[in-house]
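Number of protein chains: 4
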Amino acid sequence: MKFETKAELKYNILSPATLILNIHALRTPRQTVLEETLVIEPYLKAEELSSEHGENRLIRIEILKDEDITISYKAVVDNFFRETNHTDQPEISVANLDTSVFPYLYPSRYCQSDKLYRFANNKFGSIKNPYLQVLELTNWINSNVEYLSGSTNSQTSAYDTLTELAGVCRDFAHLGIALCRALTIPARYFTAYAYKLNPPDFHACFEAYLGNEWVLFDATKLVPLNGIVKIATGRDAADTAVASLFGNVSCKEINVSCKVAEEGFKPFYYKPAELKGLSYQ
Amino acid sequence: MKFETKAELKYNILSPATLILNIHALRTPRQTVLEETLVIEPYLKAEELSSEHGENRLIRIEILKDEDITISYKAVVDNFFRETNHTDQPEISVANLDTSVFPYLYPSRYCQSDKLYRFANNKFGSIKNPYLQVLELTNWINSNVEYLSGSTNSQTSAYDTLTELAGVCRDFAHLGIALCRALTIPARYFTAYAYKLNPPDFHACFEAYLGNEWVLFDATKLVPLNGIVKIATGRDAADTAVASLFGNVSCKEINVSCKVAEEGFKPFYYKPAELKGLSYQ
Amino acid sequence: MKFETKAELKYNILSPATLILNIHALRTPRQTVLEETLVIEPYLKAEELSSEHGENRLIRIEILKDEDITISYKAVVDNFFRETNHTDQPEISVANLDTSVFPYLYPSRYCQSDKLYRFANNKFGSIKNPYLQVLELTNWINSNVEYLSGSTNSQTSAYDTLTELAGVCRDFAHLGIALCRALTIPARYFTAYAYKLNPPDFHACFEAYLGNEWVLFDATKLVPLNGIVKIATGRDAADTAVASLFGNVSCKEINVSCKVAEEGFKPFYYKPAELKGLSYQ
Amino acid sequence: MKFETKAELKYNILSPATLILNIHALRTPRQTVLEETLVIEPYLKAEELSSEHGENRLIRIEILKDEDITISYKAVVDNFFRETNHTDQPEISVANLDTSVFPYLYPSRYCQSDKLYRFANNKFGSIKNPYLQVLELTNWINSNVEYLSGSTNSQTSAYDTLTELAGVCRDFAHLGIALCRALTIPARYFTAYAYKLNPPDFHACFEAYLGNEWVLFDATKLVPLNGIVKIATGRDAADTAVASLFGNVSCKEINVSCKVAEEGFKPFYYKPAELKGLSYQ
Chain A
89 MKFETKAELK YNILSPATLI LNIHALRTPR QTVLEETLVI EPYLKAEELS
139 SEHGENRLIR IEILKDEDIT ISYKAVVDNF FRETNHTDQP EISVANLDTS
189 VFPYLYPSRY CQSDKLYRFA NNKFGSIKNP YLQVLELTNW INSNVEYLSG
239 STNSQTSAYD TLTELAGVCR DFAHLGIALC RALTIPARYF TAYAYKLNPP
289 DFHACFEAYL GNEWVLFDAT KLVPLNGIVK IATGRDAADT AVASLFGNVS
339 CKEINVSCKV AEEGFKPFYY KPAELKGLSY Q
Chain B
89 MKFETKAELK YNILSPATLI LNIHALRTPR QTVLEETLVI EPYLKAEELS
139 SEHGENRLIR IEILKDEDIT ISYKAVVDNF FRETNHTDQP EISVANLDTS
189 VFPYLYPSRY CQSDKLYRFA NNKFGSIKNP YLQVLELTNW INSNVEYLSG
239 STNSQTSAYD TLTELAGVCR DFAHLGIALC RALTIPARYF TAYAYKLNPP
289 DFHACFEAYL GNEWVLFDAT KLVPLNGIVK IATGRDAADT AVASLFGNVS
339 CKEINVSCKV AEEGFKPFYY KPAELKGLSY Q
Chain C
89 MKFETKAELK YNILSPATLI LNIHALRTPR QTVLEETLVI EPYLKAEELS
139 SEHGENRLIR IEILKDEDIT ISYKAVVDNF FRETNHTDQP EISVANLDTS
189 VFPYLYPSRY CQSDKLYRFA NNKFGSIKNP YLQVLELTNW INSNVEYLSG
239 STNSQTSAYD TLTELAGVCR DFAHLGIALC RALTIPARYF TAYAYKLNPP
289 DFHACFEAYL GNEWVLFDAT KLVPLNGIVK IATGRDAADT AVASLFGNVS
339 CKEINVSCKV AEEGFKPFYY KPAELKGLSY Q
Chain D
89 MKFETKAELK YNILSPATLI LNIHALRTPR QTVLEETLVI EPYLKAEELS
139 SEHGENRLIR IEILKDEDIT ISYKAVVDNF FRETNHTDQP EISVANLDTS
189 VFPYLYPSRY CQSDKLYRFA NNKFGSIKNP YLQVLELTNW INSNVEYLSG
239 STNSQTSAYD TLTELAGVCR DFAHLGIALC RALTIPARYF TAYAYKLNPP
289 DFHACFEAYL GNEWVLFDAT KLVPLNGIVK IATGRDAADT AVASLFGNVS
339 CKEINVSCKV AEEGFKPFYY KPAELKGLSY Q
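Chains as they are written, first to last, in this note's numbering: chain A, 89 to 369; chain B, 89 to 369; chain C, 89 to 369; chain D, 89 to 369.
Think of the hints as simulated: they come from the structure by calculation, not from any bench. Possibly wrong hints are sitting among the right ones.
Since the list gives no way to pick one copy over another, a pair counts as held whenever it fits inside one copy or between any two copies.
Claimed, not checked - The calculated lysine to aspartate or glutamate pairs, modelled on DMTMM-like cross-linking and capped at a C-alpha distance of 20 Å, are: (1) K364 x E224; (2) K359 x E140; (3) K133 x E96; (4) K90 x E123; (5) K153 x E135; (6) K364 x E301.
Extracted from the complex, chain A is given alone in its bound form (with noise of 0.2 Å):
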């Protein structure tokens, strides 16, 4: 299916800065992107670096004088999800499990599974199957915390929205990642453009890793999974910024949008009883 992104970012820089920004759309065997326009205004030099190990496509502006930097972003992408089927799906085998996938294994800053195992092997330890593990909790995370737009800030963590109850797609997606690790699933972090959602915004949403794929989840509920155009996949948000600020800049306006660009949308909710996922990779 197509979709057309957009993201626009309007910075105030009051000293020398650098901009590191994590926009881009993924491009990836699943993912295809048609057409890309970046433009910045005043025109400035940015460098396109990829994250640690080339998973994610990140720019770096640097500006040396005080002004106002506008930054557009603009893609037509063509997403081939897979649908996957988790009937008599197999527990997850530390002995057997690959070595690039121990990293979202571990707790990570906002994702402390370390702190969460009694809690999540009470609650979810007795079922298994860990593909209704995972989606049992996601119900759970979706019916007890409550979306609460400017309930939380950067420093808010899974162990904080297990407390307060409140949080945004951010906060969802970290406590959906810590309970999972939490059961020695593992399960890592993305942000996305996403189809509806309302108010339009950069989404958060998780992958577990299930049967040797990464299956998506989303405990906010509110986009269907088939409307994900993502950008970038980490530990947890502290891995995937869209804009990291070195030095004194205020960000003025962001603005996001995420439209189907071909005709015959169908969205796509997990149901239980179908033992269905979905997966972009």
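Could you slot chains B, C and D onto chain A? The hints should help.
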């Protein structure tokens, strides 16, 4: 300097086939892609891949029925090359070389440096400054090898070219690389869009590793060195084929163009007395 | 300088279990392993793995029946550390930082630098030379945090330690790293065998990225800096656990030793006035 | 099965020189190194490096004065090969191939598959099962190429061997690889210690990529396939040289041995009727 590059490739597919194309401009700290469009007609899924270790940008298209297919690629690219200085350039010491450079020191399919050891050392071994060695061997190739379209094919190697003394840009680059490696100077091949190449086509040049940076050389001297938009780097043409075709496929047409997209272009060529180089890294 | 290191780990296995151990000495250009022996009693298959991107050396052992198991590791290692000079060390500029260093700039599970920004900048922000910043914060930790065995556990983070002001080597390192990152200095954690550590145990220190090299710091000041044999590096202890145990496993005993294996060891400690550092990279 | 391997290399150094040796046994999930000793006499610093992307284990020794140097390596290695089954092995489809395998599909210095396309397809193109294709071409090499010590040198390639019809293990492997690649079967070279190789020396074989696993083939048929201790893998011998010598160095002596270190070894050879393979991965 901003360039607008275009490539249009037309294929006639006569059986189920797989195309792997390497025509996207590289995205690096010194080469920013501001706009990019890929059009496939009739429309088919294209997987975006990166070569083994993330260097090059590939697309793979699987075609299941007989048809004619046209792939059009267009990009606006901004390049920030750097002038390098090679006065008192010390000899390359293998004792300090980073292992990431080793592959470019060993012989490869089209650059049999092991067979050119005596020739290279007899001709250029007495020159002390390795920058001047590469400049001299580049000049030697330019003076002694005739640029002759159609004189060689996809099996022609540096060893052949040294005997035949005729070839195209690919052959000039292979011979340059083989001679560098025979002098214990790491060297790698790259494909490019090139401004002022006449007739317009994909271009091929090489880079030598001097003073911990990859410095650009072009033994054809057909284009200014600062008019290059890089596509792919590798050991030789085997790593960087513009198109790899699997199945019964015939290429009907290839159109390539590269224009400047802003004012003020001043062509740059090496002058031995100045000991200056150009790096796109 | 040559060191002989030993580790003996005894486990009681009460159910099918998987052990992942990270006790092998790193093999790097500046740390050569001349002899190495691994003994598993009773003998079981051990898979040799490397962590996600080849940094650390892991062994994974799957144990299917209840039994007592002893893993013994012994190595003779030759270290070639390098003295670094930090006179006129310029401030770190994010505009020039290599992306491979970014992960060590962001907060992680045990090093919540985002929460220590005000503290770090109030205390150490006015110091100009980043080497001196790290030296000062190391001294501050050493003077203000009490080294107290058993005062902390596997959930204790830098944020906790700044309140409790007590901990062990792991906590000292985490706090050092968190403060560095809060000052925009990349910093990473490492585990090590350490000469003269009393009582003998695995040790943990940290490295700060200064002038494009990783420079060693140890806020515990328990051992000479040139008596270190590195085991693993990572963002924090979550990446570098000596043992990760999955299943019903209890650790019965850990014995560690590190001796010099040649004459002439002269202990090295930092002296602020000298602006010298030590790098094992 | 446990093996004890030894290598002793003696060099006469006549000028400042750099040696890069690739004699350490690989450490992988299916090849565990239990004991390992490196002795350099007279003692010199040896840097431990890994090849470009971590595959192979190198040591680099810089020697500044004229002297005789002896490098001795000894290891006890436990190998856990796996039997693979190739009944109904489907043809390799480039449309599904992982990019990490692409380099082993293209021609390389000693394996000019592009020049052997007609030969390979005429001889083996009609066989449907790719496992049987590789088995047949291996048998063809074994029957038609004479194993003759000293008949070839470091410049001899697969193309030469197909004309000369004589060579050593290295040439047999290169020809096997070139023919596989000409049939669109990815294939790679490896060096090894081999049990029962007579006279004792380093051995070279190849692996073909069949059903997403690397399966072992040895066209020399000199040793049982389950008696292999892998040293290095690469595109061909250019990537995996046991010793790369830079400077005025002469090799005086090489002694290699490989013995079983436990009871019960049963030699394994391929039998076409059984469609079984052996994988060390």
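Against the structure, the hints:
no. : hint        : in the structure
1   : K364 x E224 : within (14 Å within a copy, 44 Å between copies)
2   : K359 x E140 : neither (36 Å within a copy, 34 Å between copies)
3   : K133 x E96  : within (17 Å within a copy, 28 Å between copies)
4   : K90 x E123  : both (11 Å within a copy, 18 Å between copies)
5   : K153 x E135 : within (18 Å within a copy, 41 Å between copies)
6   : K364 x E301 : within (13 Å within a copy, 29 Å between copies)
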